[in-house]
Amino acid sequence: MTKYNNKSSLLYNYTIADKNDTILKKSRLKKCNSYVANFISLLRNAFYNYSFAWWPGTLTKTTDGSVYRPSTQNLLVSSTTGDITQGLVVGSGDTAVDIEDYSLETIIANGTSAGQLQYSAVTFGAPTETSTVAKFIVTRTFTNGSGGDVTIKEIGLIGRGNYDSLLIRDVLTSPETIAHTEKITFNYTLQTSL
Amino acid sequence: MDIKFQFEKLDKNKNIVSVSPKYQSKSFVENFLKLLFMDMIVGGLNIYGIDGVYRGMGASLRCVVNMGGEDFHRVSALADDWNRLAVSDVGIIIGSGTEPILITDYQLQTKIHNGNEAGELEYLPCSGTNFTVNTGTDVASFEIIRIFRNNTGDPITINEMGISQIGSYSGYSYYTPALIIRDLVDPGQTVDDGEYLKAKYTIQIAA
Numbered sequence: 040m041t042k043y044n045n046k047s048s049l050l051y052n053y054t055i056a057d058k059n060d061t062i063l064k065k066s067r068l069k070k071c072n073s074y075v076a077n078f079i080s081l082l083r084n085a086f087y088n089y090s091f092a093w094w095p096g097t098l099t100k101t102t103d104g105s106v107y108r109p110s111t112q113n114l115l116v117s118s119t120t121g122d123i124t125q126g127l128v129v130g131s132g133d134t135a136v137d138i139e140d141y142s143l144e145t146i147i148a149n150g151t152s153a154g155q156l157q158y159s160a161v162t163f164g165a166p167t168e169t170s171t172v173a174k175f176i177v178t179r180t181f182t183n184g185s186g187g188d189v190t191i192k193e194i195g196l197i198g199r200g201n202y203d204s205l206l207i208r209d210v211l212t213s214p215e216t217i218a219h220t221e222k223i224t225f226n227y228t229l230q231t232s233l
Numbered sequence: 050m051d052i053k054f055q056f057e058k059l060d061k062n063k064n065i066v067s068v069s070p071k072y073q074s075k076s077f078v079e080n081f082l083k084l085l086f087m088d089m090i091v092g093g094l095n096i097y098g099i100d101g102v103y104r105g106m107g108a109s110l111r112c113v114v115n116m117g118g119e120d121f122h123r124v125s126a127l128a129d130d131w132n133r134l135a136v137s138d139v140g141i142i143i144g145s146g147t148e149p150i151l152i153t154d155y156q157l158q159t160k161i162h163n164g165n166e167a168g169e170l171e172y173l174p175c176s177g178t179n180f181t182v183n184t185g186t187d188v189a190s191f192e193i194i195r196i197f198r199n200n201t202g203d204p205i206t207i208n209e210m211g212i213s214q215i216g217s218y219s220g221y222s223y224y225t226p227a228l229i230i231r232d233l234v235d236p237g238q239t240v241d242d243g244e245y246l247k248a249k250y251t252i253q254i255a256a
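Read top to bottom, the protein sequences are chains A and B. Going by this note's numbering, the first sequence opens with residue 40, and the numbers climb by one from there. Going by this note's numbering, the second sequence opens with residue 50, and the numbers climb by one from there.
FYI, nobody ran anything at the bench for these hints, they're computed from the structure. Don't take every hint at face value.
Covered stretches of chain A (in silico footprint by chain B; criterion: 3 or more residues with CB under 8 Å from a CB of chain B, positions within the stretch not fixed) [stated by the list, open to error]:
no., region
1, 67-78
2, 146-152
3, 161-167
4, 170-178
5, 209-223
Looking from chain B toward chain A, a few residues come up when the C-beta cut is under 8 Å (computed) [claimed, not checked]:
no., residue
6, Met50
7, Lys61
8, Ile65
9, Val66
10, Tyr72
11, Lys83
12, Phe86
13, Ile150
14, Phe180
15, Ala189
16, Phe191
17, Gln253
Ideal Cβ positions, reconstructed from N, Cα and C, are used throughout, including at glycine.
In isolation and in its complexed conformation, chain A is listed as follows (with noise of 0.2 Å):
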């Protein structure tokens, strides 16, 4: 996406606070890097709004690999606490983003073992725009209650519908370690501009 002069972006930050919410650090709003060939998939699969069946030779993966037919937007990313299959996840993964990306290179599980870490449920802030730019975010908190630290060298957006395929895929341009009983909130604030 940073090759563009584009005006429709894709931007992520983070803040990871202690467990009193005492705020440790706050990211810069970052470029993301970037949407995945699902993306623009299940983009076009909105404009038309109907199955990829009737247009042999446009498929999509899901985060398993497999290949389908979306017969459904599949861009619906709100997910519940604990649930690691949809909305925005975290991994440990650091290999470069391929624009065939269906999957986190290793996500992180939810719970409080070893390496693990606490999914809330996947939050929206309403659309808001200025005279220049619309906008609205997608919000997640990740808490730490392994007992040990946990690094976080990726992340994404899963959209969900008959079946789960990647949206985006980032890797941190530093990763972040989250102490235990610490917790990490990101945020994609997805927008357009003039």
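For chain A, the structure is supplied; the task is to place chain B on it using the hints.
Chain B in isolation, oriented as in the chain A frame:
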């Protein structure tokens, strides 16, 4: 995400007369973001239709409808509602206005209507094509295309262009389109009598 648009002019025998450079689209307007939001959370929001009415709208970015031609996706139960849509209300639409774009634009400034009367252009079906994923360049894209024909006897100049989705509300019992992209076409594209103009939007992402 990156959007570009381009034009091809064809003579009456459909031979290409000229191909424009690719222009940077600017931009998605607020309606697009709201509809994407609704798609991502299954929520309802009010948006402005092209009629200027602010109303609750179902989540739909659909803009490719073979209006005016054979539409094999048409559902018979909805036929009456489909038929309320003008071909110049959905898909790629064009106009003669030159006012700068606002993020809140919900219609073209001065739409060129479908027809063969003075100041009109004939809207042929809007289609989508060329979904590609190039693993070599890490780019994925698809195209939205529409062809317009000038049968008026006089040249017509296009100064603005956009994409309008097919809106819906009240349980899909009626449709009110909403503009999701508006661009100024500068320099304007003049279509002479008997000529065709092919407009193409390319929507792409890159890793």
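To see whether the hints hold, each was checked on the structure:
1. Beta-carbon proximity to chain B at under 8 Å applies to 6 residues in the region 67-78 of chain A; the threshold of 3 is reached and the given coverage holds.
2. For the region 146-152 of chain A, the stated coverage by chain B is not satisfied: 0 residues place a CB nearer than 8 Å to a CB of that chain, which falls below the threshold of 3.
3. Coverage of the region 161-167 of chain A by chain B holds [criterion: at least 3 residues with CB-CB distance below 8 Å; count 3].
4. With 7 residues having a Cβ less than 8 Å from any Cβ of chain B, the region 170-178 of chain A passes the three-residue criterion, so the hint holds.
5. Only residues whose beta carbon comes within less than 8 Å of a beta carbon in chain B count, and the region 209-223 of chain A has 0; fewer than three means the coverage is violated.
6. The restraint placing Met50/B at the interface with chain A holds, with a minimum CB-CB distance near 4 Å, inside the 8 Å limit.
7. A hinted interface residue such as Lys61/B counts as satisfied when its beta carbon comes closer than 8 Å to some beta carbon of chain A; here the least separation is about 31 Å, so the hint is violated.
8. The closest approach between the C-beta of Ile65/B and any C-beta of chain A is roughly 26 Å, which is over the 8 Å cut-off, so the hint fails.
9. At a threshold of 8 Å, the smallest CB-CB gap from Val66/B to chain A is about 29 Å, leaving the interface hint violated.
10. Proximity of Tyr72/B to chain A is violated relative to the hint, the smallest CB-CB distance being about 12 Å (cut-off 8 Å).
11. The criterion of a C-beta within 8 Å of any C-beta in chain A is met by Lys83/B, whose closest approach is roughly 5 Å, and the hint holds.
12. A hinted interface residue such as Phe86/B counts as satisfied when its beta carbon comes closer than 8 Å to some beta carbon of chain A; here the least separation is about 5 Å, so the hint holds.
13. Proximity of Ile150/B to chain A holds as hinted, the smallest CB-CB distance being about 6 Å (cut-off 8 Å).
14. Evaluation of the Phe180/B hint against chain A yields a held restraint, the C-beta minimum of about 5 Å falling below 8 Å.
15. Satisfaction of the interface hint for Ala189/B is found here, the shortest Cβ-Cβ separation to chain A being roughly 4 Å, below the 8 Å cut-off.
16. At its closest, the beta carbon of Phe191/B sits 4 Å from a beta carbon of chain A; the interface hint therefore holds under the 8 Å criterion.
17. With 8 Å as the threshold, the beta carbon of Gln253/B comes within range of chain A, its nearest partner Cβ sitting at about 7 Å, so the hint holds.
Hints 2, 5, 7, 8, 9, 10 from the earlier list are contradicted by this structure; the remaining hints agree with it.
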